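Colleague: Once you have looked at the hints, place chain G on chain Y.
As they're listed, the protein sequences go chains Y and G.
If you're matching positions, the first sequence starts at 11 in my numbering and goes up one per residue.
If you're matching positions, the second sequence starts at 11 in my numbering and goes up one per residue.
Derived by calculation from the structure, the hints in this document are not laboratory data.
Keep in mind that this is a model prediction, so the values were computed, not measured.
Hints are supplied without guarantee of correctness; some may be wrong.
No distinction is drawn between identical chains; accordingly, a pair holds when it is met within one copy or between any pair of copies.
What the hints assert, rightly or not - List of simulated lysine-lysine pairs, DSS-like, C-alpha gap at most 30 angstroms:
(1) Lys257 / Lys92
(2) Lys357 / Lys51
(3) Lys162 / Lys234
(4) Lys257 / Lys162
(5) Lys162 / Lys357
(6) Lys92 / Lys234
(7) Lys162 / Lys424
(8) Lys430 / Lys162
(9) Lys92 / Lys348
(10) Lys51 / Lys430
2 protein chains.
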Amino acid sequence: MMIPDISTSGLLTDLYQFTMVQGYLEYDLHEPAVFEFFVRKLPQQRNFLIAAGLELFLDFLEQVRFSQTEIEWLARQGFGTKLLDYLSGFRFTGDVHAMPEGTIFFPDEPILRVTAPLPQAQLMETRAINLLHFQSVIASKSVRMVLAAPGKQLVDFGLRRAHGAEAGLLAARACYLVGFAGTATALASQRWGVPVFGTMAHSFVEAHDEELAAFEHFAVANPKDVTLILDSYDTEAAAHKTVSLAKQMAQQGIHIRGVRLDSGDLGAHARRVRLILDEGGLGHVRIVASGGLDEYRLAELVCSQAPIDGFGIGSRLDVSSDAPFLDCAYKLEEYAGKPRRKCSEDKATWPGRKQVLRHDGPDGQMARDLITLEDEPLDDGEPLVVQVMRQGRRIGSALALEQIRVRVAGQLEKLPVQWKGLDPAPAYPVEIAQPLRSLAERLDRERRASGN
Amino acid sequence: MMIPDISTSGLLTDLYQFTMVQGYLEYDLHEPAVFEFFVRKLPQQRNFLIAAGLELFLDFLEQVRFSQTEIEWLARQGFGTKLLDYLSGFRFTGDVHAMPEGTIFFPDEPILRVTAPLPQAQLMETRAINLLHFQSVIASKSVRMVLAAPGKQLVDFGLRRAHGAEAGLLAARACYLVGFAGTATALASQRWGVPVFGTMAHSFVEAHDEELAAFEHFAVANPKDVTLILDSYDTEAAAHKTVSLAKQMAQQGIHIRGVRLDSGDLGAHARRVRLILDEGGLGHVRIVASGGLDEYRLAELVCSQAPIDGFGIGSRLDVSSDAPFLDCAYKLEEYAGKPRRKCSEDKATWPGRKQVLRHDGPDGQMARDLITLEDEPLDDGEPLVVQVMRQGRRIGSALALEQIRVRVAGQLEKLPVQWKGLDPAPAYPVEIAQPLRSLAERLDRERRASGN
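Bound conformation, chain Y alone:
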C-alpha cells in the first residue's frame, strides 16, 4: 500500500502506450518519430507562460527503467514477449530540442521536441506532459505574484495543500525559478538547494499556557532566526508582548527578526503592528503575512502600501487555484521523415519540426514571435528551441536553478509592460509562417485525396 518510488519507473504512463508500442513492434514501426509539446490556449487569467520542468524531464529520460517486477506485471496484463523483451532493456536513446527552462512562451509554440524511434518517443509521452505541464503551470502562476509584489520576499508555504508530495516539491522548485525567495518545504531544499524559510505555527503558542512564554521559549530555542506568530489570540496584544520580550532577549544577545500575521485584515493589522514595533524600538523587525494570499491580494496590499516585508503563499500558489491545468498536448508531428497532422475538430495541430523565432522591437523589448518549420531559413529572430539532448545524453550539464532564475529575470525585463499586469491583455503576436501554413494545407489535401 505504500506510495511507490515514482522517480524512474517506466510504468509511470498510460496503459495505452504499451498497447500502441506492442503494435509498433509488431509492424516494425521503428522509424524516427517527432513529438512536440505545446499549449493550445492560454487560460483567461494568463497573458504569458513560462516554460519549466525540462531539466527534470531530461533526468527522467536518462534514468527511466522497467524493473523485473514491472515487466512481470505487464506480462500478467497479457502483453507479449516482443514488448516485454523490448522494455527489459529499455533505454531512451533519442534527441531532445526544447526552450530552456525559464523561457516565456505562448500558445502553439513547441517548448519540447522529442525525436526518437517511435516506440521510445511514444512511451515518454505521459511523463513529459506530467512534468512540463505542472512545472509550467506553477511557474506561470507564481511569476504573477513576483510581478505583483516587486521587492517583497515571497516564500512558498504550500506543501500541505499541494496535490501530493511530488507536487509540493515541484511547486517549490517552480516558484523559486521565477523569483520567489524560497520555500518552507524542507525536502525541496535538501534535495534541490531551494532556500528554505521557517517561522512558527499557532500550535507552539497553544501548547503553552501563556503566549509570552511561548514566544520566549521559541526565541531561546531558535536564537538565530526568531519570527513570532502574532495572531493566535489578539494580534496587537501579541505585538506588545514582542516589544517587551525583545528588551529582555536583547540582554541575552537574542534578537527578534520578524513577526507573522496569518488572519484578519492583513493590511490593517500590519499598520497597527508596525506602529507598535516602531514605538517599541523594533523598527528593524520585519513583518511577514500569510493566509489565503494570491497575486490579486498581494497587489492590493502592495498598492495600499501595507508595511509588510514578506509573504508566505500556500494553496493558491501550489495548486494554481485559478488555472490548475493548461490545455496542452504532446503530438506526433513527423514520422519516418513525413510530416503528420492530426485534424480532430478544434484540435488540429501544426505539422512538422518547428522552431520559434522571437523578434525584438527597436526598444529591445519582445515584439512578436514567428512559428516556422525548422528547415526554413532563419530570419533575424532569436531561435528559442535548441538541442539539449543527443542520443539519450544531455548536451552540457543541467542548468542550475540559479541560471534559470537569471534567465527568467532577463526574459521579464524584455516583456513589454502590457503583458505584465494581472488583467487580461490583448494576445501577444504569434504568427504562423507561410511555409508552415502551406504544409498543413498540403497535408490536408493529400489526406482527403487518400480517403482518410
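Modeller: Frame of chain Y, contents of chain G only:
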C-alpha cells in the same frame, strides 16, 4: 536533480516543524498532544465531502524515518544536537482515531485525530494534511461524476495533467474508491491493484499513412482488447472503416470491443457512430468518450441519452478543476490534558477531543450530525471516529480498496437525494453539542482573564 524518493522521508514537512520541535525539546514539552484534521468550509460546488487518504497516512506513520543524509542537512541548517539525536531514532508511537476512508463528512467534523507526544504529532502535520486533503479533494470531486453518470463506466485518464507523479497515482486511487471503474495509469494498477484500462491514441493513427491500416495493425497486435480511436480525421468515416475492418477481423477470430470519441460534439457523434455500428452489425461494440469532461458535461450527455457506454476523464478530475483545494487544517485541540483553542479571526477552532455522531431519520437516511466531546455520553447516533492506530501500530489490517468502495456505496445509499445533485443545496445539518460550546466559551473566558 532527480526527483527524490518521497514516500517515507521525514523532511517531507515544513521547516518550522523543526524549529518548533527544537523548542519543545528544549523545554521538555513532551506531553501528549491531540491534533485534529478538519475542513473549515465547503467549496460552493460541493454538498458533501468524502474522507480519503487515511490508509496512506497510516503507512507513512509506520514508515517515516530521517536518513543520515537528512540529519546532516538539518545540522547544516543550524539545528542543535538535541533535535538531531531525537530525529535520528524517530519512530511514530502515537494513537490515531479517524473516520474510515470512504465516510461522508462535513465542515468542522474531525476526520483524523493524532494523539502523540507533542514533537511527534507536530512533525506529522504536513504530510497528514498533504495526503488526506488531496485524497479527499479527488474523492469528493469524482463522486460527483459517479452520481452524474449512474451505470456508466468511468475511467481516470488524468495522469498527464495531474500535479506530478504522486498526484496521478493518488487521483487514480481516490476516484476508484468512490466508484470509478479504474484508471489508465499503469503504475497505480501495478502498485495498488486499481483496475487499468487502455485504448489507443491519435499518434498510432498518424504514424500510419492510412487510418484503416492503423486500425488493423492495432487490432492484430492487441486482439483481446480492441478499442479504436475514431476522431483523428473524420469520425463517421472512421466508424465506417471500423465496420468493414470488423468483418475482416472476425475471420481471424479478432473482435472489436469498442471505439473512442475524443473531440467535437460527443453526443452528436455518438448518435451517428452508434447508427453506423448498429447498421454494420456491430451492436455489441461499445462507445467511449473523452475530452474535456467533468460532472456537468457527463450529466448533459446522460440526460440527453447519448449512446455512450463509458467515459475517460482527465484534467478536470485529476486537478479537481473547480475546487482544487479545500480550506482545511490540522490543529492542536488538547495538550497535557488541557483542551486548547486557537482564536484567530475567522479561524477559531473547536477545542478538545471530538466525536461525530451521525443520526439517521425514520427512513434510514442520514438526517443530521452532532459534533460532541469524546468523553460526553453517546446518544443513539453512530460514532464516526474510531481508533485505527495504537502506539504506532495499525489496529487490524489496512482497509482494502474494495472494502472502501463498498463503504462509499453504502454511504451514498444513505445520503438523501437533495445532497446528491450537482447544484448547491442547503447545508446538511451539523450541530455543535452544548458541552462543546460551553468548553469553548470557558476557554475564551479563561484566556481573557489570563491576559493572552
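Colleague: Okay, which hints does this one fail, numbers in order?
Modeller: none
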